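Visitor: Sequence:
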Amino acid sequence: MRPRLQFGTPEQGLDYPIRPTAFGLVVHETHLACVRVDRGDRSYYDLPGGAIDGEETEEQALVREFLEETGMTVRPVERLGEAAQFFRRSDGEPLNNTGGFWIAERLSLDPAAKIEADHELVWLAPGAALQKLRHDAHAWAVAALLRHRA
Numbered sequence: 001m002r003p004r005l006q007f008g009t010p011e012q013g014l015d016y017p018i019r020p021t022a023f024g025l026v027v028h029e030t031h032l033a034c035v036r037v038d039r040g041d042r043s044y045y046d047l048p049g050g051a052i053d054g055e056e057t058e059e060q061a062l063v064r065e066f067l068e069e070t071g072m073t074v075r076p077v078e079r080l081g082e083a084a085q086f087f088r089r090s091d092g093e094p095l096n097n098t099g100g101f102w103i104a105e106r107l108s109l110d111p112a113a114k115i116e117a118d119h120e121l122v123w124l125a126p127g128a129a130l131q132k133l134r135h136d137a138h139a140w141a142v143a144a145l146l147r148h149r150a
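Numbering (the UniProt record's numbering), first residue to last: 1 to 150.
Calculated from the structure, these hints are not laboratory results.
Computed from a prediction, not measured in an experiment: that's the story for all the values here.
Keep in mind that the hints are not guaranteed to be accurate.
Stated by the list, open to error - With a straight-line cut-off of 16 Å between C-alpha atoms, the simulated EDC-like cross-links for lysine to aspartate or glutamate are:
hint : residue 1 : residue 2
1    : K114      : D38
2    : K114      : D41
3    : K132      : E116
4    : K132      : E68
5    : K132      : D46
6    : K132      : D38
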């Protein structure tokens, strides 16, 4: 079963298995925490987060992913909504990231705790994030956050 909000267009003939995920939105002052993923000339921006491992809850995955990707410890505050994104990973594997987008609170930041060397924490103004984020589902979450805070 797919969530009501499905983004992306699947390529014909490919199977896009559902990949349970959780992504987060942390605002500090007027900027949003994003990650720049270094892929050389194919680098991109995402919201921090990713796949749910094993029996993790969305909240547990969100806390783990934030720490791994940014060195930031967060507390999930509110589930903003659910959306899915058809896409192909850097290695070409087709997936349908499906899961929750969470508003989270920044508790601490320790760059030494980050373990994903190709991820860099960047703070983007929401308008810049809307333009730069790789996935439409992530841009939708930013727009939903802005409307939620209005």
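Visitor: Could you run down the list of hints and mark each one as holding or not?
Guide: Verification of the supplied hints:
For the proposed pair K114 and D38, the alpha carbon gap of about 15 Å is at most 16 Å, so the pair holds. For the hint linking K114 to D41, the alpha-carbon distance of about 23 Å lies beyond 16 Å, and the restraint is violated. A distance of roughly 20 Å separates the Cα atoms of K132 and E116; the hinted pair therefore is violated under the 16 Å criterion. This hinted pair does not check out: K132 and E68 have alpha carbons roughly 22 Å apart, beyond 16 Å.
For the suggested pair K132 and D46, the alpha carbons sit about 8 Å apart, so the restraint of at most 16 Å is met. Among the hinted pairs, K132 with D38 is consistent with the structure: their alpha-carbon atoms are about 14 Å apart, no more than 16 Å.
In the structure shown, a violation is registered for the earlier hints numbered 2, 3, 4, in ascending order.
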